[in-house]
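J.: Chain A is fixed; fit chain B onto it per the hints.
Chains as they are written, first to last, in the UniProt record's numbering: chain A, 1 to 262; chain B, 1 to 318.
In case anyone wonders, no lab produced these hints; they're calculated from the structure.
As the structure is a computational prediction, the values presented were derived from the model and not from experiment.
We put the beta carbon where it would ideally sit given N, CA and C, even for glycine.
Any given hint could be a false lead.
[Said to hold, decoys possible] Within a straight-line C-alpha distance of at most 25 Å, the following computed SDA-like cross-link-like pairs (lysine to any residue) qualify:
#1 Lys169(A) with Lys107(B)
#2 Lys77(A) with Gln193(B)
#3 Lys205(B) with Asp122(A)
#4 Lys108(A) with Lys205(B)
#5 Lys205(B) with Thr94(A)
#6 Lys205(B) with Asp242(A)
#7 Lys104(B) with Leu70(A)
#8 Lys61(A) with Arg240(A)
#9 Lys71(A) with Val161(B)
#10 Lys205(B) with Ala18(A)
#11 Lys205(B) with His227(A)
#12 Lys107(B) with Tyr53(A)
#13 Lys71(A) with Tyr235(B)
#14 Lys104(B) with Ala18(A)
[Stated by the list, open to error] Take a look, some chain B residues computed to stay more than 10 Å from chain A by CB distance:
#15 Val11
#16 Arg100
#17 Arg126
#18 Arg156
#19 Ala188
#20 Ala196
#21 Tyr235
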Amino acid sequence: MAILEVEKLTKTFGGLTANKEISLQAEANKITAVIGPNGAGKTTFFNMITGVYKPTSGSIKLRGESIGGLKPHTVAKKGISRTFQNIRLFGPITVLENVLVGMHTHLKAGIFGTIFHLPGVDREERIAEREAYRLLEYVGLEEHYNDEAASLSYGSQRRLEIARALATKPSVLLLDEPAAGMNPKETADLTGLIQKIKQEMDMTIILIEHDMKLVMEISDYIYVLDHGELIAEGLPAQIRHDKKVIEAYLGKGAAEEQEAEG
Amino acid sequence: MTQVWDTLPQVLIDGLTLGAIYAIIALGYTMVYGILELINFAHGEIFMAGAFIGTAVLIGLTGLGWVAVMPAIFVLLIVLVITGGLTGMLGMGIERLAYRPLRKASKLITLITAIGVSFLLQDIVRFITETQQNNYIVNTPSLFPGSLSVSGLNIRYSFLVVIIVAILMMIALEFFVNRTKWGLAMRAVAQDQDTASLMSVNVNKVISVTFFVGSALGGATGVLFAIHYGTIDPYIGFILGLKAFTAAVLGGIGNIRGAMAGGMLLGLLEMFAAANLSAITAGLLSSEYKDVFAFAILILVLIFRPEGLFGRAAIEKV
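Pulled out of the complex, with its shape left as it was, chain A reads as follows (with noise of 0.2 Å):
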C-alpha cells in the first residue's frame, strides 16, 4: 500500500522546470530511493514534499490527503520529517534539545499554561525528555546528550539529524544525502541504522543517495531522476542495468561501452 502518493509534481523557478511531471509512490514501511546526479532536482522534490516550496503543479497525498502547498510545520504535524543533506542542526543548543525541538508539536502545553506553570506541564516536559533521550540512544548518540550539537563528529551530527527527525513521531522520514561526506565505517553503521528504523519503527523512508552502493544494498524500489525528469524506475537490480541511468551518470560512451561488453 502506497502512504505517500506524488503526481506529476511539476517545480518551475522563473523559466527554469526543476522538476518537471514527477510521480513517485512511497510504499509501506519500505525504503524507496530517488537518485539521479548532482543538480537533477532531488532536493527540490523534497522540498517540495515538506511544503518548502509550493508545487507549480501535481499533487502530493500522505494516505489520501492532499498535503501539497501546505506549511513546513503542518506537513512535519501531518507525519512527514525529514534530515538535510548539508547539516542543519540547532548549533549552540544541547545535543537532547535538538531532539526535543522535534517534540514540539506532540507536547500539549499551551502557552498560557507554560507561562503561569500550570500543573502537568512539567511533567510533560519531564516525559518529553526522557523520550528524548531514548531517542538518543537509539542512534547511539547518549552519552553527548548534553555536549553542543555543533561539537559533534560530522557522522554524530547526521545520527543526531535522525534521532531529531524521529521525534516528530513521523510516518514518513525523508533522509537527503544521509552518508554524504562519511568513511566506510560510518557508512556501514549508518545503513544498519536506517534498515533498523525500517525494520522497529515500521517506518516509510524515502532516500536521497549518492553512495550507489548503499543504495542498492537497502532500497526496496528506485526513482532515477535527471535533469528534473524521471528518466527511470525499477527494482534495484533492474536500475543498475538501466541504459539510461548509466548514460546519465557516466555519459553516452560508457553506456555503448557497457553494452558492447555485456
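T.: Then chain B, alone, in the frame of chain A:
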C-alpha cells in the same frame, strides 16, 4: 576621591534600580532581535504604555477602594498582571499588523516602520491622557511610600519592590527560555527558522509568543518605573528605550543574559557618572552629562567589541 566613596552606596542603590529597569526592557529588544534581526524601536513605547496602563489601573483600583483595604504588594500584583497581559497583547498585535506583512521586506523598511509605530503609540497615549485630564504629564499614586534609613543611607521601599520584582521577572524569563517547550522553540527559531518549521515548530506562533513575553515584561517594567519615580509622560519611552537598547548591545544583542548584565552595568555606570562627573572633572562636566557618558560607552563598545561584552563573535550566516 572621598566624594566617590561617600556617594558609592547611594550610587549602588540608584544604579541597581535604574539598571534593573534597563535590563528588563533590554530583554525585549534582545529577544526580538534574536529571532527577527529587527530592532523593535517601538519597544520603548510599550514600556511607556505599560506605565500609563498601570497608572490607570492603579487609579481605578483606588477609586474602587481596593487599595485602601488590600496589602500594597497584592495590589501591585494585580496591576502587574493586568498591565503585562494588555501590553503583551499590544506587542503581539503590533507584530501581527505592522511587522509580519513586512517579514520579507528589507530590514530597513521594518526598522522605519518600528519608528513609525513608536510615534503612533506616543501620540495615542498623549491623546487619551489629555482627554482624561488636561495634562499629559501624570502622577502615579504612590503604592509604597516612605523609606528606610540605614546609617544615613536613604532606601525607599519602592526601591526594594523594583529590585525584587525585577529579579523575579528575570528568573522567570530564564526558566521560560531554558526549561520550557516554548522557550526551546524560541531558541530554535532564533537559530534557523526554516529548519525549526520543518521540525514541526509553528514559526509565526513562536514569534507572537516572543513579542507577547517581551512586551509583557516591558509593560510590567513600566509599572515599576511609574511606581518608583512617580511621574510619567508619553515620551519617557524614547530615551529609556534607547538606553535599554544600549544595554542590549552592551551585553551582546540577541543574548538574554547579556541583556540583563548590560542593563545593570549601564544603570550603575550612569548613576556613578551622575554623582561624580563634576567632582572627577573638577567641575568641567556636570551630572547632566550622564547621558553623554552612557552613549559614549555604547560607541566604545561598538568600536572595540561589536559583539558585545557577553556575545560571541558573530559568524556571518551564508
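J.: Each hint needs a verdict: does it hold in this structure or not?
T.: Here is how each hint holds up against the structure:
With a C-alpha separation of about 36 Å, the suggested pairing of Lys169(A) with Lys107(B) is violated against the 25 Å cut-off. At most 25 Å may separate the alpha-carbon atoms for a hinted pair to count; Lys77(A) and Gln193(B) meet this at roughly 16 Å. Distance hint between Lys205(B) and Asp122(A) is fulfilled; the C-alpha atoms sit about 21 Å from each other, no more than 25 Å. A threshold of 25 Å between alpha carbons decides the hint, and for Lys108(A) with Lys205(B) the separation of about 14 Å falls inside it, so the pair holds.
Restraint check for Lys205(B) and Thr94(A): satisfied, since their Cα atoms lie roughly 23 Å apart, inside the 25 Å limit. With a C-alpha separation of about 48 Å, the suggested pair Lys205(B) and Asp242(A) falls outside the 25 Å cut-off, and the hint is violated. Between Lys104(B) and Leu70(A) the CA atoms are separated by roughly 19 Å; this keeps the pair inside 25 Å, and the hint holds. Distance check on the hinted pair: Lys61(A) and Arg240(A) sit about 29 Å apart at the alpha-carbon level, beyond 25 Å; violated.
The hinted pair formed by Lys71(A) and Val161(B) fails the criterion: a straight-line CA distance of about 46 Å is larger than 25 Å. Restraint check for Lys205(B) and Ala18(A): not satisfied, since their Cα atoms lie roughly 31 Å apart, outside the 25 Å limit. A threshold of 25 Å between alpha carbons decides the hint, and for Lys205(B) with His227(A) the separation of about 38 Å lies outside it, so the pair is violated. At most 25 Å may separate the alpha-carbon atoms for a hinted pair to count; Lys107(B) and Tyr53(A) meet this at roughly 23 Å.
About 41 Å separates the Cα atoms of Lys71(A) and Tyr235(B), which puts this hinted pair outside 25 Å; it is violated. Straight-line distance between C-alpha atoms of Lys104(B) and Ala18(A) comes to about 23 Å, which keeps the hinted pair within the 25 Å bound. Under the 10 Å C-beta cut-off, the non-interface status given to Val11(B) relative to chain A holds; the minimum distance is some 35 Å. Look at Arg100(B): its CB is around 14 Å from the nearest CB on chain A, clear of 10 Å, so calling it non-interface holds up.
No beta-carbon of chain A is positioned within 10 Å of the beta-carbon of Arg126(B); the least distance is around 31 Å. Every CB of chain A lies more than 10 Å from the CB of Arg156(B), the least distance being 30 Å, so the non-interface label holds. Distance to chain A contradicts Ala188(B) as a non-interface residue, since its nearest Cβ pair spans about 4 Å, not more than 10 Å. For Ala196(B), the requirement that its beta carbon stay farther than 10 Å from each beta carbon of chain A is not met, with the minimum near 7 Å.
The claim that Tyr235(B) lies off the interface holds: its Cβ sits roughly 31 Å from the closest Cβ of chain A, which is beyond the 10 Å cut-off.
In terms of the numbered hints stated before, the structure departs from hints 1, 6, 8, 9, 10, 11, 13, 19, 20, listed from lowest to highest.
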